[in-house]
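The lines below spell out each chain.
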Amino acid sequence: MNGEPEVHEEFEARLKAYEGRPAAATGVGRDPVNEPMIRHWCEAMGDTNPAYTGPNAIAPPTMLQAWTMAGLSRRPERTAAYDELLGLLDESGHHAVVATDCEQEYLRPLRPGDEITFDSVIESVSERKTTKLGPGYFVTTRTDIRAGGELAGTHRFRILKYAPARRPKDPKDRKDPKDPKNRKDPKDRKAPEERRPRPVVNRDNAGFWEGVARHELLIQRCTGCGTLRFPWLPGCNSCGSLEWDTVEASGEGTVYSYVVMHHPPFPTFAPPYAVGLIELAEGVRIISNVVGVPYDKVRIGMPVRLEFRRYDEELVLPVFQGVTR
Amino acid sequence: MSLRGRDGLGGRAAITGIGATEFSKDSGRSELRLAVEAVHAALADAGLTPADVDGMVTFTMDTSPEITVAQAAGIGELSFFSRIHYGGGAACATVQQAALAIATGVADVVVCYRAFNERSGRRFGSGVRHREPSAEGAALGWALPFGLLTPASWVAMAAQRYLHTYGLTPEAFGHVAVVDRKYAATNPAAYFHGRPITLADHAASRWIAEPLRLLDCCQETDGGQALVVTSVERARDLPHPPAVIAAAAQGAGRAQEQMTSFYRDDLTGLPETAVVARQLWRTSGLAPADIDVGILYDHFTPFVLMQLEEFGFCAPGEAPDFVAKERLPLNTHGGQLGEAYLHGMNGVAEAVRQIRGTAVNPVPGAERVLVTAGTGVPTSGLVLTADPQGRTRSTTGPPLHL
Ligand SMILES: [Zn+2]
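Respectively, the protein sequence lines represent chains F and P.
The opening position of the first sequence corresponds to residue 1022 in the working numbering, with each subsequent residue numbered one higher.
The opening position of the second sequence corresponds to residue 74 in the working numbering, with each subsequent residue numbered one higher.
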């Protein structure tokens, strides 16, 4: 891992240099916006919106890209800059490509008779991202579509250029399975649909999951009024303050309530199993699993102690060891 | 101005505070946080505090729900929350909603908001999914990795605490199922027509999410239900006697979540239902003893018990006994457990039939019906009553339109 970031930085700077450069030659719409194409589109889409017919008809906004299409006989012309960028990514091992999404913005309606021009730029190249497919870079191109020279809409198209994730088949990756420290939990090998649902991580709660990764269970504390809070939110329900820090949970708690899950079965979880609502010694509650206790022995008031368990390559969860008396 | 003439809204409300975050290409923080900051700024501008706010309006497809912005902004109970659909066309309508609420006394201080990372949001995050997970998704995300995956399990977490607190067993929930199925059995429109159950059937049904059994959980239904609403005056000229909306209310509790409100108070009640109940009793001038029929939302039996307690029909912990003794005709169509699960809309129809006297299981002389909506989520309720003028007429002679 060490040393790698510098290499990335230099490489990424080279990629970033392509931002703002044209991705495709400036083009002119093959046909002006016209009623027959609108009609065909609406019929194909089953769209009966009255706005798209009659004397004051507008074109369906989602047709935006259709007005720039070159038809079957021609291919859109990539610029040298775009070819170079993709080439750089190919050479660095990111030779696989997948289209991830596109999005459109509509600034003004297009009407029959509008003459279309468009140009396309490389809008952004992301930092190196880790994805399920493998590490890679998102490349976004933006096409500005103009009618009579006035910006009418934009069409963004995003691809991921990535190095396909390797399965650990190399002999050097293979470890002695008899060595207990190399014995992987069979749960680690599960197909994605058999894995536990992932935590939903966003900017407001990322700190919690970073703590979990360090085997710390962090509770937010309002620095305005001192109230501890869980779940994580950007502000305090007691005083409204947005200022907060964290305290690390001692790990002691009790079962405040629990459910024994029986039905329906999910691939990851083998019913029956218990899910607990744990009240931490600090006074906040968290949903978790009670482990080390049979599902039918979990009780309200049972003391529990925090531990961290790995469920697969990516997932570590804070769980609670039941303390039976 | 309405289409047909002057409305009563003009001159009744004003915008008194404005506030915003900076406008940028990359805010560097969540949409929820932006919403909270904007709300604070507007309140400060107005010289008000979060404690003054009792209404919130936003757009649909906004990732920051009213209840979550309230939760993070220090705002407490809400008596009004609304989202307007149709994208940017909603902007002025949020203010109109607020004015309507204020002009009618439904809320005193309403905050309208909209906040997003339109520019940077789509690039944030890792992997092929670009979108920053919404606050709604994040709220559920605290439960899913641990296998708490279903609505039944979310209800069961509170139900377990209810049983523990009042020293009851899961059989306490069976009374609700038995009553619902009793009425469904004599309702030809009900899915479970002709199929009553006993407490023993309930106790023998399999666990779904302990302490909930199969017969505590409502069925799933394909179907539809519509309702027509008009003025009382107009309704008097139509074929059926009106079911007058004597009171209508929304409610969200403090630190409300959608089905996963595990982190507040003692889990043995439904604080959002209490907010609705207070308003319905106050506006209608009625009390629990005045109600002839209760149509209480029953996707899961435990929340019927908690609703009875929150509305004051009985004391906390006494609802199982209250239902067992059938102190109040309850879900006379068979409820959602017995008739159909149409997210409460079929219950409103049943209330209307009781007031008209056309229900299949009529409650003689029913004139005042309580109807409730989904529980464990921000909720609402109605008190429907017979037309007072219709009653006056019926004492002097037969009503004209029955
Ligand atoms: Zn605070």
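A portion of the hints provided could be inaccurate.
Claimed, not checked - Derived, one-sided and incomplete: chain P residues facing chain F with beta-carbon distance under 8 Å:
#1 Ala212
#2 Ala216
#3 Ser278
#4 Val317
#5 Ala321
What the hints assert, rightly or not - A few chain P residues that face chain F, going by a derived Cβ cut-off under 8 Å, partial list only:
#6 Phe189
#7 Gln233
#8 Ala273
#9 Ala276
In case anyone wonders, no lab produced these hints; they're calculated from the structure.
All C-beta atoms, glycine included, are put in the ideal place defined by N, C-alpha and C.
To see whether the hints hold, each was checked on the structure:
no.: 1; hint: Ala212; verdict: holds (7 Å)
no.: 2; hint: Ala216; verdict: holds (5 Å)
no.: 3; hint: Ser278; verdict: violated (11 Å)
no.: 4; hint: Val317; verdict: violated (38 Å)
no.: 5; hint: Ala321; verdict: violated (27 Å)
no.: 6; hint: Phe189; verdict: violated (13 Å)
no.: 7; hint: Gln233; verdict: holds (5 Å)
no.: 8; hint: Ala273; verdict: violated (20 Å)
no.: 9; hint: Ala276; verdict: violated (15 Å)
Hints 3, 4, 5, 6, 8, 9 from the earlier list are contradicted by this structure; the remaining hints agree with it.
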